[in-house]
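Asks: Order-wise, the sequence lines are chains A and B.
Per our numbering, the first sequence starts with residue 505, numbered consecutively.
Per our numbering, the second sequence starts with residue 654, numbered consecutively.
Honestly, the hints are just simulated from the structure, not real lab data.
A few of these clues could be false.
Claimed, not checked - Estimated spans, in silico, between C-beta atoms of each pair:
id	chain 1	residue 1	chain 2	residue 2	range
1	A	D670	B	I911	55 to 65 Å
2	B	P773	A	K638	31 to 41 Å
3	A	L679	B	R768	56 to 66 Å
4	B	S854	A	D670	24 to 34 Å
5	B	I911	A	T512	37 to 47 Å
6	A	V577	B	T965	44 to 54 Å
7	B	L822	A	Q547	25 to 35 Å
Ideal placement from N, C-alpha and C gives every residue a C-beta, glycine not left out.
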Amino acid sequence: MTPDLESTYLERKIAARAATFAAAGAVVLALVPLFAIAAYVAQRGASALSLAFFTEPIGLHGSGMANAIVGTVELVFLASAMAIPAGIAAGLYLSEFRRTPLARGARFAADVLAGVPSILVGVVVYATVVVRMKHFSAFAGAASLAIVMLPLVTRTTDTLARTVPDSLREAALALGVSRWRTAIFVVLRTAAPGIRSGCMLAVARVCGETAPLLFTAYNSRFYNESLFDPTSTLQVQIFTYTMTPNDDWHAQAWAAALVLVAIVVLLSVLARRLLADKEAW
Amino acid sequence: MAASTRSTRPPRPLARPEARGGSGDHTFGVVGAVAALLLAAVLAVVALSVVRIAWPSIKASGLSFVTESRWDPLHGVHGALSFLWGTVVTSVVALLLAVPVGLGVAVFLTDLGPRNLRRPVSSLVELLAAIPGVVYGLWAALVVAPLLRTTVEPWLGVLGGPLFRGPPLGVGLLCASLVLAIMVLPTVASVSRDVLRAVPSELREGALALGATPWDVVRLVVFPHARRGIFGVVLLAFGRAVGETMAVAAVVGSRADISTSLFAPGYTMSSVIANEFPVASSDLHVAALAEIGVLLFVVTVAFNAGARILVTRSRKLEPGAA
């Protein structure tokens with residue numbers, strides 16, 4: 505079996521040491537971009553941030569991105585309101601009726617949908633919502649973010665609800681508790697910390713989603729007056745400014761990136777911390 | 654909540670006994686089924702409407718869509734070959750860079766690294782996955798591309814060969830590949846870690862008991878055992894790389910051209926949709942972009958399905974939102 509019966513113990517010791525160093529080298533190599541991005545975003549973002557960034561809407565030079573911040577929060581909030589309840593309901597259904605044909609089909613759909621590039625979601629929402637309503641809107645943007653979120657929430661809920669031991673379900677059922685009460689007050693409650701973390705990660709993920717917003721929420725210089733107006737977001741604004749040759753706008757993009765990364769990283773770190781407190785693995 | 658009429662009721666149950674299959678259960682089943690159907694419906698709508706928008710182009714160009722390399726929407730010529738080329742080149746180069754490094758990180762986390770470093774390293778790598786694609790795009794366009802133009806590309810140009818030819822522009826296939834590599838790295842690292850961790854510890858212990866060094870264990874026991882799973886990770890990472898849009902759109906150079914040189918500007922399937930869909934010049938142009946979307950859909954679904962089959966078979970627990 506072993507192809508290297510000839511090599512001595514010393515040689516294998518040296519090879520093991522070399523492999524450990526190589527693996528450590530891979531870790532260093534993987535972390536270089538993380539620290540580089542963190543350093544650039546922190547340094548260039550901080551030097552471009554000002555009070556006006558948070559209070560003034562998008563304008564010509566040296567103004568802020570208040571309406572983009574509001575837009576991102578608004579879209580993510582709306583998307584969460586659509587996707588989280590539906591996703592938890594679907595996930596719970598998948599875990600409690602896991603062998604029915606519908607559950608199998610929906611699980612397959614969730615897996616496929618989670619792998620679909622988000623730009624395609626934008627194309628579809630553009631064709632079905634924006635074209636029909638005849639203009640870009642916050643609602644269309646939120647709908648596309650919700651489509652991105654839905655399979656994430658469903659899969660998390662399904663996976664975590666399935667890790668709840670069957671003995672708990674059986675205990676509840678043996679006491680005469682109905683299936684729906686078991687599902688909600690035993691299964692969902694037991695899996696709740698994990699599901700909460702999963703939802704926070706899904707929220708963090710869509711905070712950074714840009715591609716589906718390009719032709720749904722589009723962009724705007726103003727605060728939107730209703731959900732049916734085009735809406736600016738930090739994500740799209742960063743991309744727009746990245747593609748311009750203007751240093752002022754680049755500085756604004758760094759500042760927006762700092763705010764966005766702060767939101768996203770805070771959410772993901774918090775989600776993982778909350779989960780780590782509950783179950784140490 | 655109808656009270657039981659039987660007299661042999663168990664004394665003080667913890668929850669009120671209810672008739673099985675009562676209206677609550679029915680409602681729960683219906684609400685859950687509707688939510689589950691919603692998922693299937695969303696997928697169906699996504700798939701069908703992309704095909705529907707693409708239909709005029711599918712009818713007009715047929716199979717020549719994927720063999721024609723010219724993309725000239727103003728003159729009604731729509732060939733996707735250069736986008737396929739750009740997508741394949743950037744994704745393959747990205748994987749060539751990311752898979753060895755990601756596997757190295759995974760091995761560090763499961764077998765070779767000191768135990769007290771594993772946890773912090775794994776959370777830092779996950780942080781890399783949390784950074785939004787646009788921020789990668791911003792960093793790549795304003796930091797990485799200038800660095801490539803002034804330093805890395807002239808230096809690689811000395812090596813010459815078909816891969817490193819032409820003027821150093823900074824933006825181009827090389828820059829896009831680099832950013833993609835960084836972006837898929839956390840996926841490669843964390844999913845391979847799960848795959849490697851699923852190798853039974855009895856096998857590891859058996860090899861160690863026979864006098865194997867930790868590297869012998871990895872090389873002779875863990876890797877062979879996790880082979881299929883690792884192949885699945887590669888497919889998964891490829892699916893990710895193909896679908897990534899914003900960071901690539903920022904640095905790929907946006908030119909529908911086929912060049913063997915990595916310095917050359919190119920285009921990928923996802924980034925051409927992002928750039929041209931809002932400004933499409935004709936209905937056929939829109940349809941052609943949607944047809945690229947159909948290709949993108951098919952490719953990513955195929956790779957994800959393959960990855961899923963290989964990865965879930967070789968790991969016990971699947972992570973939820975990963």
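Asks: Each of the hints needs a verdict: does it hold here or not?
Replies: Evaluated hints:
1. A:D670 / B:I911: 55 to 65 Å: holds (56 Å)
2. B:P773 / A:K638: 31 to 41 Å: violated (52 Å)
3. A:L679 / B:R768: 56 to 66 Å: violated (43 Å)
4. B:S854 / A:D670: 24 to 34 Å: With a Cβ separation near 25 Å, S854 of chain B and D670 of chain A satisfy 24 to 34 Å, so the hint holds.
5. B:I911 / A:T512: 37 to 47 Å: violated (52 Å)
6. A:V577 / B:T965: 44 to 54 Å: Violated - the Cβ-Cβ distance for V577 of chain A and T965 of chain B, about 36 Å, lies outside 44 to 54 Å.
7. B:L822 / A:Q547: 25 to 35 Å: holds (26 Å)
The structure does not agree with the numbered hints 2, 3, 5 and 6 stated previously, though it agrees with the rest.
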